[in-house]
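Those protein sequences? They're chains A and B, same order as listed. All letters in the first sequence, in the order written, are residues 3 to 472 by this note's numbering. All letters in the second sequence, in the order written, are residues 3 to 472 by this note's numbering.
All the given hints hold, so there is nothing to weed out.
One-sided and incomplete, this derived list gives chain A residues near chain B with beta-carbon spacing under 10 Å:
#	residue
1	G251
2	M322
3	A328
Because the hints were derived from the structure by calculation, they are not lab data. No residue lacks a Cβ here, since even glycine has one placed at the ideal position from N, Cα and C.
There are 2 protein chains.
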Amino acid sequence: MTSDQNSNLSLFFEPRSIAVFGSMREPLGEAITAMRNMRDFGFQGRLYPISRSSAEVLGTRTYPTVDAVNEPIDLALVITPPPTVLPIIEQCGRKRIRAVIIATEGFAETGPDGAGLQRQLVETAHGFGMRLLGPNTLGVLNTAHGLVTDPYPIGKNKPRAGGVSYCAQTGFLTFGVHPIKDLGQPISKICDFGNKCDVNEVDILPYLADDPSTDVICMHLEDIRDGQRFGQVAKEVVARKPVLVLKPGRTEAGAKAASSHTGSLAGDDVIYENALKQAGVIRLRTWREYWDIPKALSLQPLAKGNRVAIITATGGAGVMLTDAAAEAGLIPATFTPATRTHLHTLSPRWGSNPVDVGPQMSLRDNPFAVYSEVVPVVLSDPNVDCLAVVCHFGSPIVKVLTELAPTIAKISKPVTVFGYGIDLADMQESGRNIEALGLPVYLDLETAVKALGVGAAYSQIRARLGVDGR
Amino acid sequence: MTSDQNSNLSLFFEPRSIAVFGSMREPLGEAITAMRNMRDFGFQGRLYPISRSSAEVLGTRTYPTVDAVNEPIDLALVITPPPTVLPIIEQCGRKRIRAVIIATEGFAETGPDGAGLQRQLVETAHGFGMRLLGPNTLGVLNTAHGLVTDPYPIGKNKPRAGGVSYCAQTGFLTFGVHPIKDLGQPISKICDFGNKCDVNEVDILPYLADDPSTDVICMHLEDIRDGQRFGQVAKEVVARKPVLVLKPGRTEAGAKAASSHTGSLAGDDVIYENALKQAGVIRLRTWREYWDIPKALSLQPLAKGNRVAIITATGGAGVMLTDAAAEAGLIPATFTPATRTHLHTLSPRWGSNPVDVGPQMSLRDNPFAVYSEVVPVVLSDPNVDCLAVVCHFGSPIVKVLTELAPTIAKISKPVTVFGYGIDLADMQESGRNIEALGLPVYLDLETAVKALGVGAAYSQIRARLGVDGR
Numbered sequence: 003m004t005s006d007q008n009s010n011l012s013l014f015f016e017p018r019s020i021a022v023f024g025s026m027r028e029p030l031g032e033a034i035t036a037m038r039n040m041r042d043f044g045f046q047g048r049l050y051p052i053s054r055s056s057a058e059v060l061g062t063r064t065y066p067t068v069d070a071v072n073e074p075i076d077l078a079l080v081i082t083p084p085p086t087v088l089p090i091i092e093q094c095g096r097k098r099i100r101a102v103i104i105a106t107e108g109f110a111e112t113g114p115d116g117a118g119l120q121r122q123l124v125e126t127a128h129g130f131g132m133r134l135l136g137p138n139t140l141g142v143l144n145t146a147h148g149l150v151t152d153p154y155p156i157g158k159n160k161p162r163a164g165g166v167s168y169c170a171q172t173g174f175l176t177f178g179v180h181p182i183k184d185l186g187q188p189i190s191k192i193c194d195f196g197n198k199c200d201v202n203e204v205d206i207l208p209y210l211a212d213d214p215s216t217d218v219i220c221m222h223l224e225d226i227r228d229g230q231r232f233g234q235v236a237k238e239v240v241a242r243k244p245v246l247v248l249k250p251g252r253t254e255a256g257a258k259a260a261s262s263h264t265g266s267l268a269g270d271d272v273i274y275e276n277a278l279k280q281a282g283v284i285r286l287r288t289w290r291e292y293w294d295i296p297k298a299l300s301l302q303p304l305a306k307g308n309r310v311a312i313i314t315a316t317g318g319a320g321v322m323l324t325d326a327a328a329e330a331g332l333i334p335a336t337f338t339p340a341t342r343t344h345l346h347t348l349s350p351r352w353g354s355n356p357v358d359v360g361p362q363m364s365l366r367d368n369p370f371a372v373y374s375e376v377v378p379v380v381l382s383d384p385n386v387d388c389l390a391v392v393c394h395f396g397s398p399i400v401k402v403l404t405e406l407a408p409t410i411a412k413i414s415k416p417v418t419v420f421g422y423g424i425d426l427a428d429m430q431e432s433g434r435n436i437e438a439l440g441l442p443v444y445l446d447l448e449t450a451v452k453a454l455g456v457g458a459a460y461s462q463i464r465a466r467l468g469v470d471g472r
Numbered sequence: 003m004t005s006d007q008n009s010n011l012s013l014f015f016e017p018r019s020i021a022v023f024g025s026m027r028e029p030l031g032e033a034i035t036a037m038r039n040m041r042d043f044g045f046q047g048r049l050y051p052i053s054r055s056s057a058e059v060l061g062t063r064t065y066p067t068v069d070a071v072n073e074p075i076d077l078a079l080v081i082t083p084p085p086t087v088l089p090i091i092e093q094c095g096r097k098r099i100r101a102v103i104i105a106t107e108g109f110a111e112t113g114p115d116g117a118g119l120q121r122q123l124v125e126t127a128h129g130f131g132m133r134l135l136g137p138n139t140l141g142v143l144n145t146a147h148g149l150v151t152d153p154y155p156i157g158k159n160k161p162r163a164g165g166v167s168y169c170a171q172t173g174f175l176t177f178g179v180h181p182i183k184d185l186g187q188p189i190s191k192i193c194d195f196g197n198k199c200d201v202n203e204v205d206i207l208p209y210l211a212d213d214p215s216t217d218v219i220c221m222h223l224e225d226i227r228d229g230q231r232f233g234q235v236a237k238e239v240v241a242r243k244p245v246l247v248l249k250p251g252r253t254e255a256g257a258k259a260a261s262s263h264t265g266s267l268a269g270d271d272v273i274y275e276n277a278l279k280q281a282g283v284i285r286l287r288t289w290r291e292y293w294d295i296p297k298a299l300s301l302q303p304l305a306k307g308n309r310v311a312i313i314t315a316t317g318g319a320g321v322m323l324t325d326a327a328a329e330a331g332l333i334p335a336t337f338t339p340a341t342r343t344h345l346h347t348l349s350p351r352w353g354s355n356p357v358d359v360g361p362q363m364s365l366r367d368n369p370f371a372v373y374s375e376v377v378p379v380v381l382s383d384p385n386v387d388c389l390a391v392v393c394h395f396g397s398p399i400v401k402v403l404t405e406l407a408p409t410i411a412k413i414s415k416p417v418t419v420f421g422y423g424i425d426l427a428d429m430q431e432s433g434r435n436i437e438a439l440g441l442p443v444y445l446d447l448e449t450a451v452k453a454l455g456v457g458a459a460y461s462q463i464r465a466r467l468g469v470d471g472r
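Make the full structure from the sequences, and use the hints.
Listed below in structure tokens is the structure:
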């Protein structure tokens, strides 16, 4: 990756100006929808809608061709029928546009004819020194710039700004079809590779490694085009930031489905497994892990080791979390004698791990205050590297955790919170409030400790690479 | 299990009258809270609050002692301090009450003294021919009778009546701390074993097997008190209804935590694994599987085999589901030539499995109508045993599935639905509406096919036992 290429990549994520090609027809024309999404997200750059049919779109002046625009243009977004795309690429090339997102469907994913047309796009683009993202993509999102190129209406789904950047080989794992706003996901950038005709995982890794607003990189890859190069690049990036990968095709049936989805050779999973491990990339297994684990690494500090403590208001959950923690590579922390003594003075039944605060809660006037007593004691224990807290979600625990959050942050060890309750809306509201404190929230039991396990695994990888803690 | 014991069990779940012992203090006295929960759930039987301090509780006359009640009493609910429980058991015994739920905490779970007190309770109860549930339990729930004994306020959490019965060795996996109403869980009965001093898994299995409103039995067991007897009983029950078990202690750390939680010997997991398999019991692994898989077996017919079809609006999800299906013991269905031809006439890109309807949707005026075309063709294919449908949740798909539901029911093969979207509240609302059609809904990708896999596994178990389809 030369710095020139890297600056090309920044045109995709931080464009100051965008030419938009496609249907401006109300209400759901793809181009006008993308423009409306950007307006809703608060895009600060200039938009140049290219249209001969109307003088103005959403209050913005249109241009009959891109040549008619007198200012320089950083990025083009193309959502026009397949046969029109190549001529548009040529126009953009002449206008010295260096980055083009082709949202249009109907290329390599449809068969040999589409693949041929797609190859032409790439050859033409490279002749102009232009990079292409897609085709068959929802494009990109950048919370810091209010940028989003989705041709479907998603204006209400602007996530909060945060440190996780996602790249996926399907719109399904991007901003298009996940309630990233309602779930409070802390997002920096999202990219849908689409058919990955040009810009791919090897290009984007160094860009995200250099990006100051990205803490954690999470990718969905159905194939890896150049395994050796990916391994080299990933290894360098992993020394700086965690790289998590969801790679389907674990099973023979899945690999076959992947190959018919993106027309790519999914390859032998064992080879991928070893190559990813070799590069220090951590592999995720499920849809839920993909969405819910990266945020823990972004919001919380890194663990120094893999010894986990569990504080729970229900003994049954403590047992299940202990199982899940062991399966995630963690071991139960053995508290120091000082911690055991301290806990014992707070309640004669406390001292071992997990700490079941439930029985004490039913004796107190202010049941949730027990968390204020126990969390600092346990988290400060030198034998504890990370902590999972289990609690009933509702306003009382939000209040307690709001008071505790500065203490937790000061101790500087990773904490996750698993919440339960009987009122779903109330639980989700509490979850958002707690996560806004910087504490990653889980409404799924096993994922709460799996996230700690992935954090501990990344610490071990850094140690192996001889890199100090973040 | 004699029929006499079985009728004792029915006193716990179908009591016509209940004596309630415990604090009647407003607002949160445990006994008055339990009574209020029952009023909110619509309990039809008679309640006899036992209290000397007030003449009336929630409009119901109180009695100073249980002897003062002149009518027969089926069940006693005891939520009083530990030292008072034994004398109450004796009073209940003299009143010929044959079933007592001891909600009170502070027995075997607190150590040797508590364990001794607990043994006394059992000996006394058995002397009267009385069965005990608990102590340290939230008790029971029965949707058909409006029965719920929880001493914490959960009046708003009454689930809809359905065919799944749950029993757990922790309140955490019962009605107390899960939004079973908001999630639309179809519930028949729920039981919290608590410390399991008397009534246990071996007692309850035959009762639920005989219960006409229970289709599926799902249990959380931290230990199994009499493995051999459990195996015999479970095997008989499995021939009639599926029995699913979440058994923590899979890891050494988890087993140790279980033993300190319930004071029981968790034992070697391999032995449990084999014993459960031998009995035809299907083992669940996670919190989410426990809550989300049984409903699919209750709402849908049994599959005749393990060949799964996938219809998806996003190719990326199709690949991930194929992986998850293979890991759940399913194999991708190969459509018959007739089906392939039929699909091909609907769209030239259709014919193989998974069927990606996404590209067709973007060409249609009514995108969601493609499901009406494709679902019946695929589900009717003789090579297809079960089907997972992936769709964007919102009112359009609810409308289509409402129209399709009778056709799906007629074809009589199991279907699950995985839904995605960008508006969480909207997705949950759509999910409830679709599940009300009898189609089990998942907002978690892998669980949607794992549920089909568990159904197929139960079919295979029935075949092995020589039992016909349900």
